[in-house]
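There are 2 protein chains.
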Amino acid sequence: MTANDQKSGDRLGFVGLGIMGGGMAANLCRAGHDVTVYNRTASKTKPLTELGATVVASPAELAASCDIVFVCVSDTPDVEQVLFGASGLAERLRPGSLIIDHSTVSPTRTRDWAKQLADKDVGYVDAPVSGGSEGAANGTLSVMAGGEQAAVERARPYLDAVGSTITHVGPVGTGQLCKLVNQVLVVVSMLGVAEGLVLAQAGGLDPQVAVAATKGGAGGSWMLANRGPQIAARDFRPGFTIDLQQKDLRLVLEAADELGVPAVATSLIHQLYRTLQAEGLGGEGNHGLVKAIEKLAGLTVRSDQR
Amino acid sequence: MTANDQKSGDRLGFVGLGIMGGGMAANLCRAGHDVTVYNRTASKTKPLTELGATVVASPAELAASCDIVFVCVSDTPDVEQVLFGASGLAERLRPGSLIIDHSTVSPTRTRDWAKQLADKDVGYVDAPVSGGSEGAANGTLSVMAGGEQAAVERARPYLDAVGSTITHVGPVGTGQLCKLVNQVLVVVSMLGVAEGLVLAQAGGLDPQVAVAATKGGAGGSWMLANRGPQIAARDFRPGFTIDLQQKDLRLVLEAADELGVPAVATSLIHQLYRTLQAEGLGGEGNHGLVKAIEKLAGLTVRSDQR
Numbered sequence: 001m002t003a004n005d006q007k008s009g010d011r012l013g014f015v016g017l018g019i020m021g022g023g024m025a026a027n028l029c030r031a032g033h034d035v036t037v038y039n040r041t042a043s044k045t046k047p048l049t050e051l052g053a054t055v056v057a058s059p060a061e062l063a064a065s066c067d068i069v070f071v072c073v074s075d076t077p078d079v080e081q082v083l084f085g086a087s088g089l090a091e092r093l094r095p096g097s098l099i100i101d102h103s104t105v106s107p108t109r110t111r112d113w114a115k116q117l118a119d120k121d122v123g124y125v126d127a128p129v130s131g132g133s134e135g136a137a138n139g140t141l142s143v144m145a146g147g148e149q150a151a152v153e154r155a156r157p158y159l160d161a162v163g164s165t166i167t168h169v170g171p172v173g174t175g176q177l178c179k180l181v182n183q184v185l186v187v188v189s190m191l192g193v194a195e196g197l198v199l200a201q202a203g204g205l206d207p208q209v210a211v212a213a214t215k216g217g218a219g220g221s222w223m224l225a226n227r228g229p230q231i232a233a234r235d236f237r238p239g240f241t242i243d244l245q246q247k248d249l250r251l252v253l254e255a256a257d258e259l260g261v262p263a264v265a266t267s268l269i270h271q272l273y274r275t276l277q278a279e280g281l282g283g284e285g286n287h288g289l290v291k292a293i294e295k296l297a298g299l300t301v302r303s304d305q306r
Numbered sequence: 001m002t003a004n005d006q007k008s009g010d011r012l013g014f015v016g017l018g019i020m021g022g023g024m025a026a027n028l029c030r031a032g033h034d035v036t037v038y039n040r041t042a043s044k045t046k047p048l049t050e051l052g053a054t055v056v057a058s059p060a061e062l063a064a065s066c067d068i069v070f071v072c073v074s075d076t077p078d079v080e081q082v083l084f085g086a087s088g089l090a091e092r093l094r095p096g097s098l099i100i101d102h103s104t105v106s107p108t109r110t111r112d113w114a115k116q117l118a119d120k121d122v123g124y125v126d127a128p129v130s131g132g133s134e135g136a137a138n139g140t141l142s143v144m145a146g147g148e149q150a151a152v153e154r155a156r157p158y159l160d161a162v163g164s165t166i167t168h169v170g171p172v173g174t175g176q177l178c179k180l181v182n183q184v185l186v187v188v189s190m191l192g193v194a195e196g197l198v199l200a201q202a203g204g205l206d207p208q209v210a211v212a213a214t215k216g217g218a219g220g221s222w223m224l225a226n227r228g229p230q231i232a233a234r235d236f237r238p239g240f241t242i243d244l245q246q247k248d249l250r251l252v253l254e255a256a257d258e259l260g261v262p263a264v265a266t267s268l269i270h271q272l273y274r275t276l277q278a279e280g281l282g283g284e285g286n287h288g289l290v291k292a293i294e295k296l297a298g299l300t301v302r303s304d305q306r
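Here the protein sequences come in this chain order: V and C. For what it's worth, my numbering labels the leading residue of the first sequence as 1, then goes sequentially. For what it's worth, my numbering labels the leading residue of the second sequence as 1, then goes sequentially.
Derived by calculation from the structure, the hints in this document are not laboratory data. There's no promise every hint is true.
Any copy will do: because identical chains look the same in the list, a pair fits if it lies in one copy or spans two.
[Stated by the list, open to error] Distance condition first, Cα-Cα at most 20 Å in a straight line; then the derived SDA-like pairs of lysine to any residue:
{"hint": "1", "residue 1": "K44", "residue 2": "R30"}
{"hint": "2", "residue 1": "K247", "residue 2": "E80"}
{"hint": "3", "residue 1": "K44", "residue 2": "R154"}
{"hint": "4", "residue 1": "K295", "residue 2": "S267"}
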């Protein structure tokens with residue numbers, strides 16, 4: 001039996017079959033792995049059983065039969081509940097097993113959890129992803145992995161089934177931090193696009209022309225090239241919703257608070273998004289930020305192309 | 001004689017032979033055009049005379065002998081002086097001639113000047129550029145041209161000698177506005193990179209790794225890809241200095257004020273850069289913005305690799 005045979009013999013568990021986790025678990029099944037799944041809402045396990053997955057009734061039960069357990073839930077308290085709550089994974093995780101957390105959650109709490117699990121000889125890799133539901137479905141996510149070298153290498157063959165770019169960014173917790181840095185870059189970039197295009201519009205410069213004339217230069221960004229034309233077309237259908245963005249920004253602001261660094265732009269943007277949530281626009285795409293700038297300018301929040 | 005022959009017979013004038021204008025005027029000479037130059041500091045005309053340019057003693061004298069006059073000076077009052085000051089262009093510009101202003105200046109004042117000159121049957125194209133001194137030297141600038149269609153088309157063969165991308169963005173003044181939108185995009189993008197990398201560093205994530213892991217995603221930007229690695233290497237040599245950036249941001253804030261739109265991010269960045277100017281760092285690259293965030297975090301402004 002070679003090392004590779006042993007690896008492919010790992011029994012995998014997956015907790016959290018939402019829009020992201022569901023796609024990722026399906027790709028692990030399709031890659032031929034032995035996958036056991038748990039989800040709070042049991043109906044979401046159906047597409048996985050059709051791919052051959054086994055369903056269990058609690059995280060603890062899942063831990064009892066798995067070597068590597070993937071978690072993909074919404075927020076910090078959710079991961080804590082899955083790990084350490086009643087019938088949680090920690091009750092029955094066995095020595096030598098490994099947790100891979102794909103959720104986007106607190107880097108500090110992540111380090112705490114990894115430490116508690118290390119005392120039980122359970123490994124930990126924080127592996128938040130970017131690339132959206134499409135990336136989860138197609139197995140083309142970017143994975144930012146934090147953990148010990150050996151743990152990340154053990155995880156890598158399975159991460160390759162869910163993502164196309166797997167980057168080991170540093171020790172436990174740095175995967176989460178890298179995801180938060182990514183979110184800072186995303187929203188501040190968005191603020192620039194919003195502020196720039198409102199200025200263009202106010203001065204009689206067609207926003208589509210402004211995007212075309214600037215996107216190839218030093219002010220260019222993914223946001224400008226991809227969301228700029230949508231803003232100009234007043235198309236606010238979500239790639240990533242304001243409500244989800246706000247959850248991630250709250251994590252950024254918590255991390256900045258714990259680390260004692262300022263987050264002047266991110267905190268401003270968090271407040272601006274809040275004004276949009278207050279108007280019931282939390283389900284729109286994060287490029288709706290432009291409407292907050294328009295409101296500040298006394299412009300009416302215009303109706304959208306849905 | 002074809003229309004093209006007539007165009008190439010235009011006598012060109014160039015006022016302002018600084019680091020940008022000098023390179024652009026040289027490219028007009030190299031393209032075989034008949035070029036007359038004026039510069040306040042006469043010594044800067046020497047490289048142009050070596051390329052065959054004629055030197056005159058005032059803008060007025062230049063206007064008397066030229067069909068198309070290019071202007072590339074520092075700021076709004078400088079253009080006003082060149083146009084309407086004592087011995088300015090307006091004293092002797094002839095009906096049917098055309099001004100092409102490559103300076104970055106006020107869109108509102110630009111429209112005023114164009115209107116005054118239109119009364120004398122003199123055309124006007126505002127054509128600010130981006131791409132830096134290297135772009136000026138190599139003729140690869142991006143030109144954002146505002147003006148009437150016929151005027152821009154008349155200018156285009158000559159703009160092709162100084163730039164590689166010529167975009168007609170709208171009526172007179174919109175070229176300047178587009179340049180200001182570009183500057184908003186540049187600095188807000190920079191703020192995101194600064195805030196993100198300070199967060200990474202504080203949390204024990206290597207900034208170079210953070211750049212590599214995020215630059216291909218939705219938070220990616222020219223700034224992140226090009227200035228992120230320089231920030232991580234503490235290399236603050238200028239591509240574009242803070243002092244020059246501040247002049248352009250002042251124009252953005254003036255325009256936003258006139259148009260009645262908020263510029264919340266740009267105004268914040270203008271103040272942050274001011275704290276760096278107060279420390280004598282105005283000659284550093286605009287990516288030095290990260291030092292302002294570090295100062296807010298109570299981190300010492302570190303010495304640079306020069």
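Identical-chain pair category, K44 with R30, by Cα at 20 Å: within (17 Å within a copy, 69 Å between copies)
K295 and S267: within-copy, between-copy, both or neither at 20 Å Cα: both (18 Å within a copy, 17 Å between copies)
Homomeric proximity label, K44 with R154: Cα distance no greater than 20 Å: Intra 28 Å, inter 65 Å, cutoff 20 Å: neither.
Within, between, both or neither, where K247 and E80 count as close if Cα-Cα is 20 Å or less: Cα proximity of K247 and E80: one copy only (16 Å, versus 51 Å across).
The earlier numbered hint that this structure contradicts is number 3, and it is the only one.
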